[in-house]
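Top line first, the protein sequences correspond to chains W and C. Per our numbering, residue 1 is the first one in the first sequence, and the count goes up by one each step. Per our numbering, residue 1 is the first one in the second sequence, and the count goes up by one each step.
Note that these hints are calculated values from the structure, not bench results. Just so you know, not all the hints are guaranteed correct.
To be verified - Listed next, the in silico DSS-like pairs over lysine-lysine satisfying Cα-Cα at most 30 Å (straight line):
hint: 1; chain 1: C; residue 1: Lys68; chain 2: W; residue 2: Lys41
hint: 2; chain 1: C; residue 1: Lys107; chain 2: C; residue 2: Lys76
hint: 3; chain 1: W; residue 1: Lys41; chain 2: C; residue 2: Lys76
hint: 4; chain 1: C; residue 1: Lys81; chain 2: W; residue 2: Lys20
hint: 5; chain 1: C; residue 1: Lys107; chain 2: C; residue 2: Lys81
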Amino acid sequence: GAVVSQHPSWVICKSGTSVKIECRSLDFQATTMFWYRQFPKQSLMLMATSNEGSKATYEQGVEKDKFLINHASLTLSTLTVTSAHPEDSSFYICSASGLAGGRTTDTQYFGPGTRLTVL
Amino acid sequence: GQNIDQPTEMTATEGAIVQINCTYQTSGFNGLFWYQQHAGEAPTFLSYNVLDGLEEKGRFSSFLSRSKGYSYLLLKELQMKDSASYLCAVVNNNDMRFGAGTRLTVKP
Numbered sequence: 001g002a003v004v005s006q007h008p009s010w011v012i013c014k015s016g017t018s019v020k021i022e023c024r025s026l027d028f029q030a031t032t033m034f035w036y037r038q039f040p041k042q043s044l045m046l047m048a049t050s051n052e053g054s055k056a057t058y059e060q061g062v063e064k065d066k067f068l069i070n071h072a073s074l075t076l077s078t079l080t081v082t083s084a085h086p087e088d089s090s091f092y093i094c095s096a097s098g099l100a101g102g103r104t105t106d107t108q109y110f111g112p113g114t115r116l117t118v119l
Numbered sequence: 001g002q003n004i005d006q007p008t009e010m011t012a013t014e015g016a017i018v019q020i021n022c023t024y025q026t027s028g029f030n031g032l033f034w035y036q037q038h039a040g041e042a043p044t045f046l047s048y049n050v051l052d053g054l055e056e057k058g059r060f061s062s063f064l065s066r067s068k069g070y071s072y073l074l075l076k077e078l079q080m081k082d083s084a085s086y087l088c089a090v091v092n093n094n095d096m097r098f099g100a101g102t103r104l105t106v107k108p
């Protein structure tokens, strides 16, 4: 149980275009979803936290107008990188926590990640 | 502020035991996680400690001392596939912060 999927697993786009990444909890209700970014050989950096039906809470230094997050249902959150630039190239990982086995859990289950390359 | 410290790199021999330490200073505490991350992949959940003591799960064990702000991950009977980064993460309310990770290399 507690499986999280992400789509696409990798994407290459031109500078200036927008890219949407989907994160789905397949077998549990994700009341909270998290979006992380990870540069090579560095740890995960939290970008934003989103609760179902609410606006996302962004970490300091993360532009909310550039990284649009939508968490419209208990199983789906999306991250849209708008007007992407080469410096946005990174590994984007979502995680989800919520109702698993009928009880809430703090454990975050990670999606497989999306590798974004902006040319 | 929050500080989570782990060694950057460790090396161990196949079949041996290795202990990866994590110390933290946070304004609040609701639990500590250990995750394993292989290069190019997302982290996978290993353990969760919220009370003091040792949690054993197969070859992996995790220990927590809240009064000392200290945890360790113990890996026994090391295998080559255990070569990975190990991330310590502390939860404060619904906010989880990761340490920089410890890159473990297992040698034959």
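Hinted pair Lys81(C) and Lys20(W), Cα distance within 30 Å: 33 Å, violated
Hinted pair Lys107(C) and Lys81(C), Cα distance within 30 Å: 10 Å, holds
Hinted pair Lys107(C) and Lys76(C), Cα distance within 30 Å: Within the cut-off at roughly 14 Å; holds.
Restraint status (C-alpha distance of Lys41(W) to Lys76(C) at most 30 Å): Between Lys41(W) and Lys76(C) the Cα gap is close to 25 Å, so the pair holds against 30 Å.
Holds or violated: Lys68(C) to Lys41(W), with C-alpha atoms at most 30 Å apart: Satisfied, since the Cα-Cα distance of roughly 29 Å is no more than 30 Å.
Hint compliance for this structure: hint 4 alone is broken.
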